[in-house]
Amino acid sequence: MSDLARGNIPIKSENDIVAARRVVRDLATQLCFGVTDVTRVITAASELARNVFLYVGAGVMWWSILDRSGEVGLELTFEDHGAGIPDVEQAMTPGYSTSRGLGLGLPGVKRLMDEMEIHTEVGKGTTVRVRKWLRK
Amino acid sequence: MANRSKLSGTAALEDIEGVASQAYLASIVECSDDAIYGKTLDGTILSWNRGAERIYGYSAAEMVGRPVSVLVPPNKPDEVPAILEKVKRGERVSHFETTRVRKDGEVIDLSLNVSPIRDASGQIIGASTTARDITEQKRMREALAERAKEILDVSTPVLQVWEGVVVAPFIGTLDTQRAQQFMERLLDKIVQTNSAVALLDVTGVPAIDTRTAQHLIETITSVRLLGAQAILTGVRPAIAQTLAHLGINLADVVTRSSLAAGLRVALDILNLKIITQEDQAKGAHSL
Amino acid sequence: MTNQNISLVKVRNTLLVTMPADPDDVTVTTLQEEVLGAMEEYRPKGLVLDISAVETLDSFFARTITETSRMVTMMGGQTVIAGMRPSVAITATQLGLTMVGTFTALTVDRALDLLTHLHPRRRIR
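Residue numbers (the working numbering), protein chains in the order written: chain A, 99 to 234; chain B, 560 to 846; chain C, 143 to 267.
For reference, chain A alone in the conformation it holds in the complex (with noise of 0.2 Å):
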């Protein structure tokens, strides 16, 4: 699998929200992802650049086009350095929410997408990647 292109945009307010929309929006038209495609990808990235910024208040999106075996995917990783996720299994969980009653929305978030992967440790930070893949 490598790397056909690569970016980071910043998430440090609720601009970057709208920002983080936009680029990823770009990407997915640019690829030919077909229109529900990109508005899931665009959708997801929204709820995890949220995640971020109101857990957290700053941190970073990667993009990047992947290339695997012909296969043309995109790749977002939203990366902070927060208090992390105690219990991932249970942010997994269906109907789950923190005590604010608004939740990580993380399963949902795996519905749109086709892979993705939680990477987080209590006290360091979290880091969440997705893929999508482009479909023949």
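Misleading hints may appear alongside valid ones.
[Unchecked claim] Heads up, simulated SDA-like pairs for lysine to any residue below, C-alpha to C-alpha not over 20 Å straight-line:
| no. | chain 1 | residue 1 | chain 2 | residue 2 |
| --- | --- | --- | --- | --- |
| 1 | C | K152 | C | D166 |
| 2 | A | K208 | C | T240 |
| 3 | B | K748 | C | E175 |
[As the list claims (entries may be wrong)] According to the in silico footprint, chain C covers these stretches of chain A (three or more CB under 8 Å from chain C):
| no. | stretch |
| --- | --- |
| 4 | 144–156 |
| 5 | 159–167 |
| 6 | 178–188 |
| 7 | 217–229 |
If you're looking for bench data, these hints aren't it; they were derived computationally from the structure.
Backbone N, C-alpha and C fix where the C-beta goes; we use that ideal spot for every residue, glycine too.
Based on the hints, put chains B and C in the right spot on chain A.
Just chains B and C now, with coordinates in the frame of chain A:
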């Protein structure tokens, strides 16, 4: 040895068949489009009809007295011995699909029926083969299968059956990609036809597993978000039971056991001018 | 900077609010404020939220809509979401946003028809 006619090759039958009238047999064998040929238990051809001449390209004169193995493609050396073994045991070989080689080298697809030939005392003395050329048939079968796959690939039809009503047969065995395409097509059709009602017919769904159920619920929910009323039709007790077991609550989904009943509900909805709060409570949340 | 303007008009004793294509958080929040203000002033029988231009409906937007809808209901009205795009409907469903408590309509036209025929006072609690 038998008197071999150069013209038809059926003269050899005189030696073999004692029971039926030769003329009768000759007429059947000659008129048939199928290749019919008789051979000894070691595979030597004794008779060769006009159908065989046409199908294989060899004349009777060329084939009588020669081993049947000249017709067999090189990659199937054990086939004829295996068939003859069965015949020796008194068994028949029916509808055996295989390939043979014509005189001009062309490989053809055939369906073979081989049966034992018995003499007057009932002893097996040879084998009679009827071969039908199925090359064309096979080609058509493959084309049909390809076409059927194409049809399934390209579209599960979403039909507008009335002004404001679309019907989509729900196919449970779709993979994820096709399931997504189905949803997109259905929703696009609803928007395109400005329909108020979408009938999702599950009559043709043999079984509901978790994935199918999820796809079904997603489809219903998406239709409602769009602004149309989804009606599930063709729900048989078995399906309802499975959905209940999967923990899916159909209480807020309008369901009917038949497509016809669903259509009636659809037409009612379209004619309805006033929607009462009672109806809303029952789930008619959109117009 | 793309259009972030919400259009709000009073039509047939109904509030018709049209959302822009990709509203930022401030715009989404403004939606709620403007609707509440207009409900106060006009006491319409309902709110039609036209999202036919909207390309992305995330959980924040959805939550704001359902909250607004609840407030409209408390003030004696009904909310109808009109014109959701197929791609948005599918994505929202898969993300788990069901928009409970709101009505939906294919078009603004149908939404207005729906509201015209509802009788809020006969609401069942």
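Verification of the supplied hints:
Our distance criterion of 20 Å between C-alpha atoms is broken by C:K152 and C:D166, whose separation comes to about 24 Å. With a C-alpha separation of about 17 Å, the suggested pair A:K208 and C:T240 falls inside the 20 Å cut-off, and the hint holds. This hinted pair does not check out: B:K748 and C:E175 have alpha carbons roughly 36 Å apart, beyond 20 Å. Only residues whose C-beta sits within less than 8 Å of a C-beta in chain C count toward coverage, and the stretch 144–156 of chain A has 3 of them, enough to reach three; the restraint holds.
With 0 residues having a beta carbon nearer than 8 Å to a beta carbon of chain C, the stretch 159–167 of chain A misses the requirement of three or more and the stated coverage is violated. Using a Cβ-Cβ cut-off of 8 Å, 0 residues of the stretch 178–188 of chain A lie near chain C, which falls short of the minimum of three, so the contact claim is violated. Coverage of the stretch 217–229 of chain A by chain C is violated. Counting CB-CB distances below 8 Å, 0 residues qualify, and the rule asks for three or more.
Comparing the model with each earlier hint shows violations of hints 1, 3, 5, 6, 7; every other hint is respected.
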